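Colleague: Just so you know, the sequences run in chain order P and F.
Mapping of the first sequence onto the numbering used here: position 109 corresponds to residue 94, and the numbering continues sequentially without gaps.
The numbering used here runs 702 ahead of the 1-based position in the second sequence.
Hint data in this document are derived by calculation from the structure and do not stem from the laboratory.
In this text, all values refer to a predicted model and were calculated from it rather than measured experimentally.
It cannot be assumed that every hint is accurate.
Under 8 angstroms between C-beta atoms, here's a sample of chain F residues computed to sit facing chain P [said to hold, decoys possible]:
1) A945
2) N949
3) D1100
4) T1101
Think about it this way: if two alpha-carbon atoms lie no more than 30 angstroms apart in a straight line, the pair counts; the simulated DSSO-like pairs of lysine-lysine are [unchecked claim]:
5) P/K43 to F/K957
6) P/K56 to P/K110
7) P/K56 to P/K43
8) F/K957 to P/K56
Glycine included, each C-beta is placed from N, C-alpha and C at the ideal position.
Residues per chain are reported as follows:
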Amino acid sequence: MAGNHGIHKWKWVIFFLSPSLIGLLVFMVGPLLYSLRLTLYDWNLLSDPVYVGLDNFKDLYHDAEFWASFKHTLTYIAIYTPSVLALALGVSLLLNRPLRGVAFFRAVSFVPVVSSWVVVSLMWKWIFNPRYGLLNYALAQIGITGPNWLFDPDTALYAIIIAGIWKDIGFITVMFLSGLQGIDESYYEAAKIDGAQMLQRLRHITLPLLTPTTFFALIISLINSFQVFEQAWLMPEDYARTGTSVVVEQIVNYAFRYNRMGYAAAMSWVLFAAIFAITIVQIRLQKRWVHYDL
Amino acid sequence: MLRKSLVTLLVVVMLAALVPASALAQDSVTIRFYNFSSDPDHVEDLQTIIDAFEAENPNITIEVSSAPFADYFTLLEADLVGGDAPDVFELNFESFVSYAANDVLLDLTPYVSGDAPYYPRALEAFQSDGAQYALPESFSTVLLFFNKDLFDQAGIDYPTAEWTWDDAMTAAQAIRALGDDVWGIYSPIQFWEFYKKAAQNNCAFFNADMTESTLNSPECVTALETMVSFVNEDVMPDQTELAGVANEELFLQGKLGMDVIGIWQFAAFADAPFAWDIQLEPGAAQKAHHFFANGVAVSADSEHPEEAAAWAQFLTSSEIAATVRIDAGWELPAIDVPEYVAAYLEQTPPDNREAVFEALESPVTPPVIERQTEMQDDLNQLLTAVEMGELDPQSALDTAKEQIDGLLQ
Chain P
-14 MAGNHGIHKW KWVIFFLSPS LIGLLVFMVG PLLYSLRLTL YDWNLLSDPV
36 YVGLDNFKDL YHDAEFWASF KHTLTYIAIY TPSVLALALG VSLLLNRPLR
86 GVAFFRAVSF VPVVSSWVVV SLMWKWIFNP RYGLLNYALA QIGITGPNWL
136 FDPDTALYAI IIAGIWKDIG FITVMFLSGL QGIDESYYEA AKIDGAQMLQ
186 RLRHITLPLL TPTTFFALII SLINSFQVFE QAWLMPEDYA RTGTSVVVEQ
236 IVNYAFRYNR MGYAAAMSWV LFAAIFAITI VQIRLQKRWV HYDL
Chain F
703 MLRKSLVTLL VVVMLAALVP ASALAQDSVT IRFYNFSSDP DHVEDLQTII
753 DAFEAENPNI TIEVSSAPFA DYFTLLEADL VGGDAPDVFE LNFESFVSYA
803 ANDVLLDLTP YVSGDAPYYP RALEAFQSDG AQYALPESFS TVLLFFNKDL
853 FDQAGIDYPT AEWTWDDAMT AAQAIRALGD DVWGIYSPIQ FWEFYKKAAQ
903 NNCAFFNADM TESTLNSPEC VTALETMVSF VNEDVMPDQT ELAGVANEEL
953 FLQGKLGMDV IGIWQFAAFA DAPFAWDIQL EPGAAQKAHH FFANGVAVSA
1003 DSEHPEEAAA WAQFLTSSEI AATVRIDAGW ELPAIDVPEY VAAYLEQTPP
1053 DNREAVFEAL ESPVTPPVIE RQTEMQDDLN QLLTAVEMGE LDPQSALDTA
1103 KEQIDGLLQ
């Protein structure tokens, strides 16, 4: 009787889930499998796909441009991820204090997150402009000749990373803030009675109790930065693009500019494999440093 | 009970959403037309042409979709792949070749009469394997624009039709001497300018049967050396010196003596606060001018090929279409009827408008392969590296040859 009741219940669950389940199957799982199949074909959109086996992956292996874009993406991640986490932690610690007008500062810190990349990149292009930009003007005031930033393939990537960090700090800050507010005051009171200084309280209470949030923020920002695209697409001047091409940019170029769908699909799956592998490693490693309680 | 009727209602709503809007029987034929050349400035001009066509052909309705050039081919390809191809669509010359090669275009040969008033060169541009796969719609060219005031200040003679790039260099140096923020000339170092200057130097991109690139030949290297000499002599700003200011803007600010740019700039330069004119582009071993062309093709899958072809013909060769284009300062119609262009020649500036048509005596079309965009992107990267002094012309073109050979396979 109980089992019968269970099946009856599941029927309803599936019925009410079906609109989004169908959506998920049609718009996510379907295209996913289709793109996996596409990796085996050469398809220019205009004529019928030609089966080429694993040739796309073989070509990809020898594609210096693709691996350069992979390297740029990894450089992006290596600088962006620690910076954005550290800065967001700092900002969230400041914003977590009972300051006058803290609500205003919390809102301001979130403005870059909700701004569109088109707007943000226009603003940073102006800041980075070597001739009339704010940044090199400021550098000139202290006697430094600024680089050409977005005009130079050697510096353009760093300019893009700076803009990316600036835009995403607010997002991670909000996560840290909610993590901080979940820490029970009594820990701090007990620590104060024992004579723990501010830095000791940060090191022994705040940071350990914040590790679940940090873990989540780390995974999110890793995945985000593997998929970095808009800023690399919008910001650099044409000449500097050799120094900034990232994986997603290559995928877009090959799919929609060069009409090589199979090759672009192969790139996507290599990117997927990289994100998947890194995320698995992260989850495995979390036991070593993430504390879900004291 | 209530729950049951609620479920019934839900099911009804879901089913209703699945029923397609019923296709109404139509008396007239609807022709779907995609274009990029009217977006964004000439949508109304296009509508004027459509209205005239529909008045003459009451049984045909034109349903037009416009997209800017940058998005156009994504839109077009998505619909072609989805089996929802428009009946008639615009193609630029460079993309025409891969569309014709992939059998998606209707052969328009039977619809083109022998006395069609097209420029023969323009008609030929849209042929492939002896078949007419599109009709030439419009063309434009690139000329030497020059700031008369700056020439006067420098005390030098205006450019003539016989100029070579050496003459341009001498003039550019005289103008550059006028001031730190005054530049002599701007002629971008990219694919479009390079293929033309290559032609001026008798440099061929490919061998005769298109199996191999010959881009590292001495003629080609000389062409590139001439181009980059203007940057090296500091009479032309490089990318960093421009720092995001377009060369058109620099010209309009009166800080550029000569600008090698398209005739589509006439309207934008009309109110310039200085006197300017145009001249044929300087040459080298010979003269060569761009022939940028757009064509109109009919989908091979169109259910109404007759009506579609009629619209394509009207759009490309009717008097009303031609005069609307000319009056609006849009691209020029690719038809050889002097009466239509009389009004165009009367407009000033520039005074020397005849140069637009004189340029048609030495037209070159871009070298085209199926993997066109990849070739252009690869070559552009190398050309900019030469402009910025990171590669010398010979090694850049050696690399270009290798890359293009890879694309030809």
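Colleague: Checking each numbered hint in turn, tell me which of them this model violates, lowest number first.
Modeller: 2, 3, 4, 5 and 8
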